[in-house]
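We have chain S; now place chain C onto it with these hints.
Residue numbers (our numbering), protein chains in the order written: chain S, 13 to 512; chain C, 10 to 135.
For the record, the hints were derived by calculation from the structure and aren't laboratory data.
For every residue, glycine included, the Cβ atom is placed at its ideal position computed from N, Cα and C.
You may find that some hints are simply not true.
Under 8 Å between C-beta atoms, here's a sample of chain S residues computed to sit facing chain C [what the hints assert, rightly or not]:
(1) Leu115
(2) Thr116
(3) Asp119
(4) Ile181
(5) Leu185
(6) Gly188
(7) Val225
The chain contents come next:
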Amino acid sequence: MEIIKNIPLFTIVLSLFSGVLCFMLKGKAAKRYTVCYEGVLIILVSLVLYYTLRTRSSFTYVMGEFPAPWGNEIRAGVLEALIALAFLIIMFSSVIGGYRFILTDMDESKVNLYYTLVNLMTAALMALVWTNDIFTGYVFLEILTLTSCGILIVREIGRTTLAAVRYMILNLLGSGLFLLGVVLLYDLTGHLLMVPMQQTITELARDPKIVPVLTMAIGIITIGLCIKSGLFPFHFWMPDTYGWASPTSAAILSSLVSKAYIFLLIKIYYRVVGSWVMQAMPIRDILFVLGIGGIIIGSVQAMHANNLNRMVAFSSAAQVGYIFMGLGLGGHYGYTAAIFHILAHAVTKSMLFLTTPRLAAVSDESLLFSNLQGSGLRDRHAGIFFTVGALSMIGIPVFAGFSSKIQFGIAAISTHSDWRMIIVMLALAVSSMLNALYFIRFIIRIYTQKDENDRTVPMGRKSVPSYLVSMGLLTAGNLMLGLFSGVIVNLIRQGLGMFG
Amino acid sequence: MLENLLINNEEAAAIILFGIGFTMLLFQRNLIKKLIGMNIMDTGVFLFLASMGYIEGRKAPIVVDGITSTEAYINPVPAGLVLTGIVVSVSVTAIMLSLSIRLYKRYHTLELDEIYVLSKHQTEDR
Numbered sequence: 013m014e015i016i017k018n019i020p021l022f023t024i025v026l027s028l029f030s031g032v033l034c035f036m037l038k039g040k041a042a043k044r045y046t047v048c049y050e051g052v053l054i055i056l057v058s059l060v061l062y063y064t065l066r067t068r069s070s071f072t073y074v075m076g077e078f079p080a081p082w083g084n085e086i087r088a089g090v091l092e093a094l095i096a097l098a099f100l101i102i103m104f105s106s107v108i109g110g111y112r113f114i115l116t117d118m119d120e121s122k123v124n125l126y127y128t129l130v131n132l133m134t135a136a137l138m139a140l141v142w143t144n145d146i147f148t149g150y151v152f153l154e155i156l157t158l159t160s161c162g163i164l165i166v167r168e169i170g171r172t173t174l175a176a177v178r179y180m181i182l183n184l185l186g187s188g189l190f191l192l193g194v195v196l197l198y199d200l201t202g203h204l205l206m207v208p209m210q211q212t213i214t215e216l217a218r219d220p221k222i223v224p225v226l227t228m229a230i231g232i233i234t235i236g237l238c239i240k241s242g243l244f245p246f247h248f249w250m251p252d253t254y255g256w257a258s259p260t261s262a263a264i265l266s267s268l269v270s271k272a273y274i275f276l277l278i279k280i281y282y283r284v285v286g287s288w289v290m291q292a293m294p295i296r297d298i299l300f301v302l303g304i305g306g307i308i309i310g311s312v313q314a315m316h317a318n319n320l321n322r323m324v325a326f327s328s329a330a331q332v333g334y335i336f337m338g339l340g341l342g343g344h345y346g347y348t349a350a351i352f353h354i355l356a357h358a359v360t361k362s363m364l365f366l367t368t369p370r371l372a373a374v375s376d377e378s379l380l381f382s383n384l385q386g387s388g389l390r391d392r393h394a395g396i397f398f399t400v401g402a403l404s405m406i407g408i409p410v411f412a413g414f415s416s417k418i419q420f421g422i423a424a425i426s427t428h429s430d431w432r433m434i435i436v437m438l439a440l441a442v443s444s445m446l447n448a449l450y451f452i453r454f455i456i457r458i459y460t461q462k463d464e465n466d467r468t469v470p471m472g473r474k475s476v477p478s479y480l481v482s483m484g485l486l487t488a489g490n491l492m493l494g495l496f497s498g499v500i501v502n503l504i505r506q507g508l509g510m511f512g
Numbered sequence: 010m011l012e013n014l015l016i017n018n019e020e021a022a023a024i025i026l027f028g029i030g031f032t033m034l035l036f037q038r039n040l041i042k043k044l045i046g047m048n049i050m051d052t053g054v055f056l057f058l059a060s061m062g063y064i065e066g067r068k069a070p071i072v073v074d075g076i077t078s079t080e081a082y083i084n085p086v087p088a089g090l091v092l093t094g095i096v097v098s099v100s101v102t103a104i105m106l107s108l109s110i111r112l113y114k115r116y117h118t119l120e121l122d123e124i125y126v127l128s129k130h131q132t133e134d135r
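Chain C extracted, bound-state conformation:
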């Protein structure tokens, strides 16, 4: 069991990172910390993909010196997935930060517990 973890140390680290990020996103009460957790969670997945896609001793799949054997190169798809994932992650972070700004302007705090209490006292209740 422990040996397997050591052999696949990158994947183990990736899953641990995912877990840290997931619990932060779920349990932290501060919005910015939640967002940091979300980024850690996504980074965990990207590390998993990147480490799975890399084979030691092989090169990026760009043909140089006329070597066309597939044995010489790694699969480019996981890297492509990581790039797509990063784009998604950045845009989600951007929209969440803009929401945080809007909340902060209104309630002057980023602690969700305080915001709940403040929002309950509002007169805009219908």
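In isolation and in its complexed conformation, chain S is listed as follows:
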């Protein structure tokens, strides 16, 4: 069983190696290789999940045999394994489902470079999930930023490059702030490993003189990661970036990259700061307010969009708001709801972004609402999968979105604060209504024929099996999160118990 403890590091190293290997392979071979190795990673990480569930504790892998407080560590528990597994499954589905879309934006001889970037990104994602060292977190955060810029600019048109530049500039502001915060924390504590850091911070926080400095350092880190994950009011880069990116890239960016930043933030709150010190800081309340703001503003802006990708992108801003609202509620229940929503949104949003180009393809390559009329009839598969995703976004029972909204409700009630509960319930009600308005309006549109004379026959767009497999996986994940939410919530609670 000892060998399982090596798996977390192995996933990072294998992904890095695969990145280099794909650089040398030819396009199609690179795709096949990536699919195979992601499958292997999924099996390996499932083993880690099984192992941590059985031993009921997390384990630490010490690199180079230097014990804490020196050296560099990787730590794996139920929560890390669960998130890593979800990320890998979504990455796997995006890669196999999005191959055709990459080919429309790139020459086939260059496709291997895309997979190089995807594999390096997987390495960064895995490292952010597993790492127990805050500076390693910074380095892989930058690698994640660079690779996400890379997969953005594969579509070589002016608007995409401009969107990538804006995305990079905001991300660089975020990374700069994160680095400053990490350096301040290192200066205060003298540690880079998260566990010794927390011990020192708990001691330091007893001194009322130090608390403002600590709050500032944590606040700077929080702002940095909020900018990078697109919390309101920093969400304005989202529509351009997701709207002009290649569909596969948009799916990966919205469902994995921004979630990895949030997961790192949760890790810092839990493992570096600790819940006791966290309560003494006003950061939670600010996140709560901004989260609510993001939910409302994102939904309203999505209503006003006239382009499908922009609508879905603004709805992403609203969903990030939900996650931060969960962090703002705090406590075990708040974090559980936030993490559940990370999974629910990742599964749903990647599905939506992978169906929109299919709908556009049967509508003169246009994403404008007026042209998309009846597209669900012309491309049945895409229409069905889009409807599944949209219903989950609204929060219809059976789908993932419904369960996560229940989790937020439970979290709000368990805070025992009347005004928080009222605000959360109101926000949930208003945003569900707005979501329903713009998504159902759109579903009706894609299932209405343009006019009576226009007898559009299904254009016979055949779905390739890999696309169906990918969509099937995402739908299954969605239904699983919706129907068996109890199991997942139990896993998350158990994981949070050994996370701190």
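Just chain C now, with coordinates in the frame of chain S:
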């Protein structure tokens, strides 16, 4: 207050540099100036780390003449962090410059305001 700033003059300078770089990256409309701002911002953080890691009178942690007391040496970790940070900063700068080249080839300007206007008139809108 002012005394504290004078005692910690290196840290104060580092934070001022960070602020200058941050505002440049945020508000400058020229891409190259933005990138210069980004480099100033990173340099501010590196100066902060380097000045915090150095203790006057102590030497680099390489054992010479058999002195093994920790009092004689400084902590090597901040220097290591600075080096890592420089590597990250260089690679980010490189990718941003390549993006700037691509934008310049297409729009023949580096002013972001002009590029926005030009990109709005493009026919590739979907």
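Taking the hints in turn, this is what the structure says about them:
no.: 1; hint: Leu115; verdict: violated (18 Å)
no.: 2; hint: Thr116; verdict: violated (13 Å)
no.: 3; hint: Asp119; verdict: violated (16 Å)
no.: 4; hint: Ile181; verdict: holds (6 Å)
no.: 5; hint: Leu185; verdict: holds (6 Å)
no.: 6; hint: Gly188; verdict: holds (5 Å)
no.: 7; hint: Val225; verdict: violated (12 Å)
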